[in-house]
Amino acid sequence: CKDPPDKLFTVHGLWPSNMNRSELFNCSSSNVTYAKIQNIRTQLEMIWPNVFNRKNHLGFWNREWNKHGACGYPTIRNDLHYFQTVIKMYITQKQNVSDILSKAKIEPDGNIRTQKEIVDAIRKGIHGKEPKLKCQKNTQMTELVEVTLCSDGNLTQFIDCPHHFPNGSRYNCPTNHILY
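Numbering (the UniProt record's numbering), first residue to last: 1 to 180.
Honestly, the hints are just simulated from the structure, not real lab data.
Keep in mind that the hints are not guaranteed to be accurate.
Said to hold, decoys possible - Pairs of lysine-lysine residues, derived as DSS-like cross-links and limited to a Cα-Cα distance of at most 25 Å, are as follows:
1) K116 x K129
2) K105 x K124
3) K132 x K116
4) K124 x K88
5) K55 x K67
As the list claims (entries may be wrong) - Cβ-Cβ distance ranges computed for the label pairs, FRET-style:
6) Q140 x M46: 14 to 22 Å
7) F52 x S17: 17 to 25 Å
8) S30 x V119: 15 to 23 Å
9) Q38 x T114: 19 to 27 Å
Beta carbons are placed, not taken as given, at the ideal position from N, Cα and C, and that holds for glycine.
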């Protein structure tokens with residue numbers, strides 16, 4: 001995958017789910033078109049790019065909508081509302097992880113961080129709630145590659161993220177020595 005410019009965290013998805021991980025119902029898929037999202041396309045390309053194929057954002061967004069967003073009814077009314085909600089959460093509700101970390105003087109400068117530093121900074125930016133970190137070992141170092149922020153069913157407030165990676169998972173972040 002190709003990192004976004006300036007090593008910014010971007011949106012990976014908005015995934016409605018039940019706290020108990022049971023199947024979601026009320027799913028109705030549809031095809032998203034550029035015409036339908038033309039007024040928000042530029043914002044989506046900046047905050048929610050297809051990092052595997054920069055020329056196929058629409059295909060990526062369609063997969064995200066059909067796999068996740070289409071199951072969010074009644075909170076998510078339709079495909080356009082799904083994408084507008086992502087923009088609102090990222091920009092208006094301050095769910096921009098890069099911004100949250102930057103305010104805590106944690107920049108993507110290749111420095112080594114502790115899990116506590118990162119989690120404390122994010123918790124401060126999301127009203128004390130627990131994020132979920134995903135790390136990946138690259139050669140000798142472990143990099144922070146994803147941060148999950150969780151919200152309530154109405155998408156109005158942050159909640160502690162449930163279901164951290166199981167012990168022994170390759171995505172667990174170490175206590176110390178996280179590259180960011």
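For each hint, the structure was consulted:
1. K116 x K129: holds (13 Å)
2. K105 x K124: Satisfied, since the Cα-Cα distance of roughly 13 Å is no more than 25 Å.
3. K132 x K116: holds (12 Å)
4. K124 x K88: holds (20 Å)
5. K55 x K67: This hinted pair holds, its Cα atoms lying about 21 Å apart.
6. Q140 x M46: 14 to 22 Å: violated (32 Å)
7. F52 x S17: 17 to 25 Å: holds (23 Å)
8. S30 x V119: 15 to 23 Å: violated (38 Å)
9. Q38 x T114: 19 to 27 Å: violated (44 Å)
When each numbered hint is compared with the structure, violations occur for hints 6, 8, 9.
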